[in-house]
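Enquirer: Residue numbers (our numbering), protein chains in the order written: chain A, 1 to 166; chain B, 1001 to 1811.
Worth double-checking, as some hints may not be accurate.
As the list claims (entries may be wrong) - Straight-line C-alpha distance at most 27 Å; calculated DSSO-like pairs for lysine-lysine:
1) B/Lys-1800 <-> B/Lys-1463
2) B/Lys-1085 <-> B/Lys-1195
3) B/Lys-1068 <-> A/Lys-3
4) B/Lys-1201 <-> B/Lys-1493
5) B/Lys-1085 <-> B/Lys-1225
6) A/Lys-155 <-> B/Lys-1021
7) B/Lys-1800 <-> B/Lys-1673
8) B/Lys-1290 <-> A/Lys-3
9) B/Lys-1585 <-> B/Lys-1347
10) A/Lys-3 <-> B/Lys-1042
11) B/Lys-1023 <-> B/Lys-1463
12) B/Lys-1023 <-> B/Lys-1623
13) A/Lys-155 <-> B/Lys-1023
14) B/Lys-1227 <-> B/Lys-1251
15) B/Lys-1463 <-> B/Lys-1406
To be verified - Incomplete in silico selection of chain B near chain A, CB under 8 Å:
16) Tyr-1124
17) Pro-1262
18) Gly-1266
19) Gly-1528
20) Met-1690
21) Gly-1698
Stated by the list, open to error - Label-pair distances were calculated between CB atoms; the ranges are:
22) A/Glu-160 <-> B/Val-1198: 52 to 62 Å
23) B/Asp-1003 <-> A/Phe-130: 23 to 33 Å
24) B/His-1792 <-> A/Glu-160: 39 to 49 Å
25) A/Ile-156 <-> B/Lys-1613: 26 to 36 Å
26) A/Gln-162 <-> B/Thr-1669: 47 to 57 Å
27) A/Gly-12 <-> B/Lys-1085: 24 to 34 Å
Worth flagging that the hints you see were computed from the coordinates, not collected in a lab. On a predicted model such as this, the values are computed, not experimentally measured, just so you know. Here a beta-carbon is modelled for each residue, glycine too, at the ideal position from N, C-alpha and C.
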Amino acid sequence: MAKTHVTMTINGAEVEGLVEPRTLLVHFIRETLQMTGTHIGCDTTHCGACTVDLDGMSVKSCTVFAVQVDGAAITTVEGMASPDGTLSALQEGFRMMHGLQCGYCTPGMIMRAHRLLQENPSPTEDEIRFGISGNLCRCTGYQNIVKAIQYAAAKINGVEFQEAAE
Amino acid sequence: MNDLTPTREERAARLEGMGCKRKRVEDIRFTQGRGTYVDDVKLPGMLHGDFVRSPHAHARVKSINAEKALQVPGVLAVITAETLKTVNLAWMPTLAGDVQMVLADGKVLFQNQEVAFVVATDRYAADDGINAVEVEYEALPPLIDPFRAMAPDAPVLREDIKDKTEGAHGPRKHHNHIFEWTVGDRDLTDAAFKKAEVTTKELISYQRVHPSPLETCQCVCSFDKVKGELTIYGTFQAPHVIRTVVALIAKLPEQKIHVIAPDIGGGFGNKVGAYPGYICSAVASIVTGKPVKWVEDRMENLTTTSFARDYHMTTEIAATRDGKVTGLRVHVLADHGAFDACADPSKWPAGFFNIVTGSYDFPTAHLAVDGVYTNKAPGGVAYRCSFRVTEAAYCIERGMDILAQKLGMDPAELRLKNFIRPEQFPYHSALGWEYDSGDYHTAMTKAMETVDYAGLRREQAEKREAFRRGETREIMGIGVSFFTEIVGAGPSKNCDILGIAMFDSCEIRLHPTGAGVARMGTKSQGQGHETTWAQIIATEIGIPADNIMVEEGNTDTAPYGLGTYGSRSTPVAGAAIALCARKIKAKAQMIAAYRLEVHEDDLEWDIDGFRVKGLPEKFLGMKDICWLAYNSPPPGMEPGLEAVSYYDPPNMTYPFGAYICVMDIDVDTGAYKVRRFYALDDCGTRINPMIIEGQVHGGLTEAFAIAMGQEIHYDSEGNVLGGSFMDFFLPTAVETPHWETDFTVTPSPHHPIGAKGVGESPNVGGVPAFSNAVNDAFSFLGATHIQMPHDHWRNWQAAKALGVIEEAAAA
């Protein structure tokens, strides 16, 4: 099958490759670029494990063709920590609040939460729950994911995190 | 000592041992996308395999033509049952003593059954290839309803065994019958029913569901022809069992098989069994000489690799008029699908379903389970529960509510009246178990007080009156559930898998500088073993948890163990870890005694080292002992500081808990709102409360999903109607209720650290709590038992059937 040349920026670095028209973005990222932090959980756009940030939007990379993102800027979970290895506020929040167990949904969840906090820096619990409802988690029951995002929001906003009583 | 000398509390805190909310070590890699899951494994020259699957539930396979597929660019091979027959692998043994087709051999027995395996250079080419394979089928009448399975005119599903009157678990009564399993005293139970003042009888069904971890089942098989070695990376909850099974069926020497379970994206029972994808990938690697990867997609996962439940339980309870239970009689019709691939210890065809007497002191009971074949996917895994324990808990907890309703008694009061009393432990149940410890009354009372149970019942009574007066269309349900689990399989006297006793293991090797590595036969799939196992070791031998690296999942390095499922890791491997640490501690004590120039008996353990009794300044810490163990051990003692322990548990452990759910349902729409869910768990000694609470949250969410929406449903032709996340309910953060957790602590008397296991309790106890809440809500309108799942549509149907919706409104 004829291949198309694509160029894009991923986590600040320019990358290029030859893709079939049908190659999914998630496979381009995982197979061609060998960045395996972005996961595949359902193939049908339900679970959100493949969520990446594309030109300032959360997208499920299993439902975007690589050719569609020629010239785009993409952030994946590998681009979240500082170059010196310091975890981002969200990554720290997920660890501190026990917002993950098997870790499979975590990259997508963190990427979605990252965009959510850009859109709404001080979300309520309901807004967080609605904001991450495109991402499924089978382990945590979401309660600690909500706390993790609240923790990160507080840290980014420079206010003290107050854990809600159970 | 001076101001800089750490206090005992500071020394203990530095260890991050048992009981502390230690943050997880796994999270450093997982939050950065640096985990290594199976699909992340990429080997040079690796090929991809994918299945041609049957569109029919029951059909004869007339022909398979791979010619066109082999011309598709990138396609290298098409494997069929005929290919597999040349290596005697067209069929494989199941964990339940049956055999299962690896690829369709003459006929197909369920929709999406594996028919051919296409091997290609990448996953896209493999997909092109499967679309080009031509299969000719002749449709046969499907058998979908398990209640029709043993009808005289029911179609013969398993032609390979149609004349066999004896199965792996005794006589077969019909060509679609698998086994009958009976436990208990039938005559005594019948007698109890004969003289009972009150009896109840209800068919309680637990629908077919699926564990659906977010990562599907997958593997990479790589056969090295030169060395004659097979390496398998796979999503395996039990890697050692896989290695032994491969050795037995592929006739390879076991040391030449390397099974590696890397990070696993959730298991919940789905990843215990052996599936055709594993066999086909291994054969494909042997045929092509290249590594072969197989990755299930979600539809394949939901429709082929295992299911859970599908139990239809006719439940009868005998009781006195004042509410004392006198007998329990249960008959289960178990739908096992096309092959009996139930993942239970081999001698237990219905798992530990005989825990069905629950938390109650039944003087007598009888249980019979009939397993049958139907044209559905094989499986029968323990979806986040010990083997068939969640079915048993649902059965008895619904049964008790039905009895309470008949007696006009409060369901909590009925439970309190019939609980096994604390002084009865160890308790011998009528169906053969020895419960290790429990204090049910304390747990139930604490739960009722915390939620103000009496106040909730008063509110419910008021709301019911308001409903009757036509002032509201909302009904309120209070669901009570009190479960006793049986976990920690298991004692070799009654538990094995294909003859392999169900022990578990730990190996600890300390290094000279006071650090070490610990390896176990278990395999975390999200449970956080790397964090919690190190906590046990930290407390036992005084080395900080941060200095202990925990490794699991590589059969070359880990000691043999039976893996992680059925909440067995803490009860079995957790014990092995403690005992292994104690072996090390015993040697450390000899070293300390020599150094401190006292007799061993004159030493006492003090957090992170040994102290001479009565001479507090004479102390030797474990860090120093590690160095001495290697570099100057006492004369005659061999150097080093390491140990291995294999633990064969003397008994199971019996966690328990009291759950209360408060729910409001709008009768006109069937929409519900879980107002409150309170879960009290008693899992004995608590190793890491943060992880326990997280596990309870997750298990409750799965229970919520099962009770309120999940179902793998088949139409009358055998088409699967729950094959994607559009049709199979996985709750999002929006639907998922808020969880309140609580606990009591009743240690297991036979476990070295008193721990019982917890990961599956919330699924076991949660499902009946939700279902009882729905049934309780509708009970005053005349309902006795409404089947799960209780989604909006079914709630609305229930309201309609009870006549509380005007015909015009319902139309």
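Enquirer: The structure should be examined with respect to each hint, and the outcome stated for every one.
Expert: Consistency of the hints with the structure:
In summary, the hint linking B/Lys-1800 to B/Lys-1463 is supported, as the alpha carbons are separated by about 20 Å, within the 27 Å threshold. This hinted pair does not check out: B/Lys-1085 and B/Lys-1195 have alpha carbons roughly 59 Å apart, beyond 27 Å. For a cut-off of 27 Å, the pair hint linking B/Lys-1068 to A/Lys-3 stands: about 23 Å separates their Cα positions. As the CA atoms of B/Lys-1201 and B/Lys-1493 are separated by approximately 35 Å, the hinted pair breaks the 27 Å bound.
Between B/Lys-1085 and B/Lys-1225 the CA atoms are separated by roughly 21 Å; this keeps the pair inside 27 Å, and the hint holds. Using a Cα cut-off of 27 Å, the hinted pair A/Lys-155 and B/Lys-1021 holds, with the two alpha carbons roughly 21 Å apart. Of the supplied pair hints, the one linking B/Lys-1800 and B/Lys-1673 holds, its CA atoms being roughly 19 Å apart against a limit of 27 Å. With a C-alpha separation of about 26 Å, the suggested pair B/Lys-1290 and A/Lys-3 falls inside the 27 Å cut-off, and the hint holds.
With a C-alpha separation of about 38 Å, the suggested pairing of B/Lys-1585 with B/Lys-1347 is violated against the 27 Å cut-off. Using a Cα cut-off of 27 Å, the hinted pair A/Lys-3 and B/Lys-1042 holds, with the two alpha carbons roughly 23 Å apart. A threshold of 27 Å between alpha carbons decides the hint, and for B/Lys-1023 with B/Lys-1463 the separation of about 45 Å lies outside it, so the pair is violated. Between the alpha carbons of B/Lys-1023 and B/Lys-1623 the distance comes to roughly 23 Å, so the proposed pair stays at or under 27 Å and holds.
Among the hinted pairs, A/Lys-155 with B/Lys-1023 is consistent with the structure: their alpha-carbon atoms are about 18 Å apart, no more than 27 Å. For the proposed pair B/Lys-1227 and B/Lys-1251, the alpha carbon gap of about 15 Å is at most 27 Å, so the pair holds. Our distance criterion of 27 Å between C-alpha atoms is met by B/Lys-1463 and B/Lys-1406, whose separation comes to about 21 Å. For B/Tyr-1124, the interface hint holds, the least distance from its beta-carbon to any beta-carbon of chain A being 7 Å, beneath 8 Å.
At its closest, the beta carbon of B/Pro-1262 sits 11 Å from a beta carbon of chain A; the interface hint therefore is violated under the 8 Å criterion. Because the beta carbon of B/Gly-1266 sits about 4 Å from the nearest beta carbon in chain A, less than 8 Å, this interface hint is met. Taking 8 Å as the C-beta contact cut-off toward chain A, the hint placing B/Gly-1528 at the interface holds, the least distance being around 7 Å. Restraint check, B/Met-1690 versus chain A: the minimum CB separation of about 5 Å is within 8 Å; hint holds.
Taken as an interface hint, B/Gly-1698 checks out: its beta carbon lies about 5 Å from the nearest beta carbon of chain A, inside 8 Å. Taking the beta carbon of each, A/Glu-160 and B/Val-1198 are about 59 Å apart, inside 52 to 62 Å as hinted. Roughly 53 Å separates the CB atoms of B/Asp-1003 and A/Phe-130, a value that falls outside the hinted 23 to 33 Å. In this structure, B/His-1792 and A/Glu-160 meet the distance hint of 39 to 49 Å, their C-beta atoms being roughly 41 Å apart.
Restraint check, A/Ile-156 to B/Lys-1613: a C-beta distance of roughly 54 Å breaks the suggested window 26 to 36 Å. A hinted range of 47 to 57 Å for the beta carbons of A/Gln-162 and B/Thr-1669 is inconsistent with their spacing of about 36 Å. Separation of A/Gly-12 from B/Lys-1085 is about 55 Å and departs from the stated range, judged on CB atoms against 24 to 34 Å.
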